[in-house]
Amino acid sequence: MTDTSMFGRILSSNIRECVVGYRTSESAIPPFGSMVRIPVSHAQQPEIYGLVTDIQIEEDGFLRQLATNDQVSEEVMLDARANRNVPVVLRILFIGYLENGNISHLLPPCPPLTLDNIYKCTNAEITAFTSFGNFGYIRHILKVTNVPPGELLAAHISQAAKAQFADNHFGWTERAINEVIYLMRDNYADLLAILGAIGDADISLDGEEEEQE
Amino acid sequence: MPVNYLQLQSQIHILSDSILNQREKGKEALEKLTDQFKAAANLPDLAERVSAKLRENRGLSCALPREERIDSHISASDHSGEIVNILAADGSQINPSRHEEVSFGLINTAIFKMRMNGNEAPQIVTETKLLEREDDSLQEKLNNEANVGLFRDVEERRLLSREACKIPQGEPVVALTDGPLQLYYFQEPNTTENPLVNEYYKALAEMSEKKIITAGYTDRPRSTFVIDMLRLLMNSDPQDLRVKQTLVFDSNLFSRILLPGERSALFKLISPAVEQMPAVVQISFFYLNVGNNSRPMITRIEIPEWVSKDPAAIDLLHYSLLQQNGFISSNPYPYALHRAHECAVVQFSEKEHVKQLIIRELLSRGVTDLGKSAKQIAKDLFGTTYRDFEE
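Going line by line, the protein sequences match chains A and B.
For the first sequence, this note's numbering gives the first residue as 1, with consecutive numbering after it.
For the second sequence, this note's numbering gives the first residue as 1, with consecutive numbering after it.
For reference, chain A alone in the conformation it holds in the complex (with noise of 0.2 Å):
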């Protein structure tokens, strides 16, 4: 992912989780699971780092009578697009923050304030996220309660995955889902469900190893 473009401002949010409203103009919606900044402006506060974790497209009265209708006609989708206010709400959840330039996996020490601005990370900021550490966010996607954790986290080691190949970082997604199994080792039948998602989602795993040798 490179695309740096500011997608949205924030409506609300709280220590753990903020929610965004989406300007259907600018650019494609940020994806399920994807990695996002909310880079707070006002000095001595850090950058968070956050997950998507819910895509609401809501309608209005109106919206929901131009459905209704057998054909939509190009020019009223690109209204509608464009110009309508169509409610587009994402959920993000906080996943640890960056702080004079030293990265934590703790939550942010206080939520951002309504307005600032949200951007979708670049491979970089999502390779050298990822790699600090010992995994330590993935205990925040794994108590994830609006969406089923597999399925986040399986769209959240595809990206990270990509990202990490793409920087010549071997190995991540196996270290990852060790890390993973580690945490739910608890807790087989949720564990299952996880790594059932995960193997479902797109993984280069094959493609590290064959790199490796």
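In case anyone wonders, no lab produced these hints; they're calculated from the structure.
Check each hint, because a few of them may be wrong.
Claimed, not checked - Using C-beta positions, here's what the derived DEER-type ranges look like:
hint	chain 1	residue 1	chain 2	residue 2	range
1	A	Leu11	B	Glu24	53 to 59 Å
2	A	Asp202	B	Gln356	50 to 56 Å
3	A	Met6	B	Gln123	42 to 48 Å
4	A	Arg16	B	Glu132	47 to 53 Å
Claimed, not checked - Quick partial rundown of chain A residues pointing at chain B, CB under 10 Å, derived from the structure:
hint	residue
5	Ser12
6	Phe62
7	Arg64
8	Leu66
9	Thr68
10	Asp70
11	Gln71
12	Ser73
13	Glu74
14	Val76
15	Leu78
16	Arg81
17	Asn83
18	Arg84
Said to hold, decoys possible - Chain B residues, not near chain A, derived (Cβ > 12 Å throughout):
hint	residue
19	Ile12
20	Thr34
21	Glu56
22	Ser61
23	Glu68
24	Pro278
25	Val280
26	Lys351
For each residue, glycine too, the CB sits at the ideal point set by N, CA and C.
Position chain B relative to chain A; hints supplied.
For chain B alone, coordinates are given in the frame of chain A:
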């Protein structure tokens, strides 16, 4: 409890009786009028007859037939795939209130522009104007809500004309406003002395020069111009003609004549107000059924003289309106007009914000005696208390 529902109970019963009674009478009247309409359609020189009757009864308002038979029901040609620019204007207003901390009027106007078959996102143009208070006579007028409404109507047309005229020649332009083409809030008899009305005529004249297909769209019309024409033809008592009947409307009559998608014949609108308008902007109208087989929905479309003389323009307008209504087929209303309304409407919170901006500016200039009236304070207090109780 602010409403005495116990008292209302018996009144609702009486009101329902009255509505049902009116409906029964309306049905009978509609039968008779339908027969009269069919008979009138076969009269030779119908327009001449109506004109003669109008000369005998000056000051009446009614429909005057144009070239088409009055019982015509006309389908639109297929213009699918053609590039057509659809523009719609709407406005909203904040009326000045002497009870607020600062009394101000504001008009917000929006133009919604869509280029059909151009595969482009529609464009929105909005203009917001605080009504200036330098002119004493204007200040006096601003105390009247109808005058703010008139400002708004004129502003809508002015902006519509400006944006419509920007479109390069060669591409057809349909420019829509909600409601009649006549200025709804304009009540003064002498049209030439009001600069606002002249501005309105100027906007229309500009659109006339560019051959812009201008139309006013009235949803659920309660007009009786055609029925009044029938009454004029059939009834010789001038006093009776001046009493407005409210049992049946033209829309009831045309819901029996027009199939879904069909328009009626074109009629010229005769009224004392229209007669004072310049010839090029005098008004004609037709009815259009935008409903379906099970539920006819009759709308009235007003067009100025230059459009009514151009059958191709009327046909394109007819097609475009059906297409626009088709975008919201469950509740037919032109999409562009609905969007213009969405873009123009000033929410209560926005009104409060504008007021706070003005107050802040005045405070920074040393004005300190800003306050609501005692009545407004009491109302606001009551509102708060009441909401608190509800919660």
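Would you pick out the hints that fail for this structure and give their numbers low to high?
Numbers 3 and 5 - these are the hints that the structure violates, sorted from lowest upward.
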